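Trainee: Chains A and B supply the protein sequences, listed in that same order.
When we follow the numbering used here, the leftmost residue of the first sequence carries the number 76, and every step to the right adds one.
When we follow the numbering used here, the leftmost residue of the second sequence carries the number 24, and every step to the right adds one.
All the pointers check out, no bait thrown in.
Taking beta-carbon pairs under 7 Å as the criterion, some of the chain B residues facing chain A (in silico):
no.	residue
1	MET24
2	GLU27
3	MET28
4	VAL79
5	GLY82
6	ALA83
7	ILE87
8	ASP97
9	LYS99
10	GLY100
11	ARG105
12	PHE106
13	HIS108
14	GLY109
Worth flagging that the hints you see were computed from the coordinates, not collected in a lab.
Being a predicted model, the structure only gives us computed values, none of them experimental.
Beta carbons: idealized from backbone N, C-alpha and C, even for Gly.
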Amino acid sequence: MTEDNFFDVIVVGAGCAGPAAAKKTAELGLKTLLIEKSPEPGTKTISGTCINLAGMHNEDLYYILKGPIEREIHSMRTYHINDARTTVFNEIPTKGVLLLSIRRDIFDAWHTEQAKLAGAEVKLSTTVTDIIEENDYVCGVITDSGEEFRCKVLIDAAGVNSIVGRNAGLIPKRSGDNMILYVTVAVELGEEVINDRFSDEQGGYCIEYYLAPGIQYKTWPWIFPKKDTVTLGTGGYMTKDLFNDKITNVNQYMQNFLNLPIVKRKLEGGKIVSWGLHLEYDEKISQKVKNGLILTGEAGGFVIPFLGEGMSPAFATGIFAAKTAAEAIQKNNFSKESMSSMYEDMIEEDLFLQGFMHVGKINKESILKKSEEEISNMMQSVVLGGGFITNAVHTKWLEGAENGDIEKVQEALDFLEFIQPYRQIGSEFEEIYRKLRAEGGS
Amino acid sequence: MEFEMKIDYYSGDPGEFIKVIEEKCTGCGQCAKFCTRDVWEADGKIYRPINLKDCVECGACWNICTADAIIFGDPKGGTGVRFTHG
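Generate coordinates for the entire structure from the input sequences, incorporating the hints supplied.
Mentor: Below, the structure written as structure tokens:
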């Protein structure tokens, strides 16, 4: 073991949370190593295709908005299809960008470069095979070449099935209604065709959601426009009902999605250039910190599949973990108790994370109980009735009112009050975003 | 549009990153059922990841296995699936 193999912080995984964490710790003056198994960051991930600007109201995340984006998304279109009719909803906010579509192979490479520029050492093509634990403290990793790297704090940013979190005993096996199996395809259409087919009435670009029989299992199939390609995604919860007599593989949901006449026309002339598959965890992880170790992003369960939300929570928890590590190193205390209280405080103070996790949880609870038709009806009410936040408040409120349970009504009220400052963030963020793009957008 | 699983892999030997623990496998076949890539095949009373070269490292098999009979690691550095346009 040489001096070169000792670091203040080691971060495993160069997806969304990893580079954010490594960049931050390097900026805070800590000797940082970022390890990634792939030769090119962003090529082991297939989703996280749109950054939600609603989750980026944090100055520590502003630099991300200067990254390489594909398209600015201004509006949403949802198609509710059944045998009798197709109902289309267009949601066009009066102003502002809602989402940024990105390509992970391009974006994660840029993000990893930012960590490197900040002073982090980056090792690509390096697979972590195990963690090192001594005296009940996590203190390093072993790689596939048998090399050992030691650190004061290990940050796990290696995704849903991270070997770090699993070997540390924090990430359990998950399936059923806590895990989603999701398939994607990228279809090349060319920039001009996408300009034409995915624009909205105000000249912005539009993401589309679809609900139709046989194209999903309690999830929302989508089409997101990138620059030259569009990405389609669908799948479902890993319960026994994911498959049936007609559907024996998630690819069949995708084939049915591609076969919808309305989708066929959207994709006419295109060709599939890429296919992908991944798992999305849909429940909180109870313990995210251990002596010497912090879990971030999907490894830490910070993903809200119901709302299609994963990247912003990953960026944010990467930054929180970095700040926690820096403070722990300053205090020379890497214990679970000390780091956990710092980390959890930052998570609890984050309006977006708390708000969206709550909204995701309540909306998910309601769809799991509903049939496909009821889900379609519910989604129509969600679109017409003011979105998921309103739906979450209403659901809790009604549940309480119907059962005479005043606590549930109070819970709805408390949440409404909690989320108010978030709802008041207005068009000033659009100005911040424009300024950041002008400074360094690519 | 005809669905197609268009996948790219990095060159190089990924190693035996998924294995079955023979004495623990109950032969329930859930791994094969949830595997989108037909990696798992029955071999007598148990299942084996025969077509590991087709794996895209999603981890569905490991997560669904209630018998704890699957060892699921990562391919050797720089190998395995290469997703583009993610």
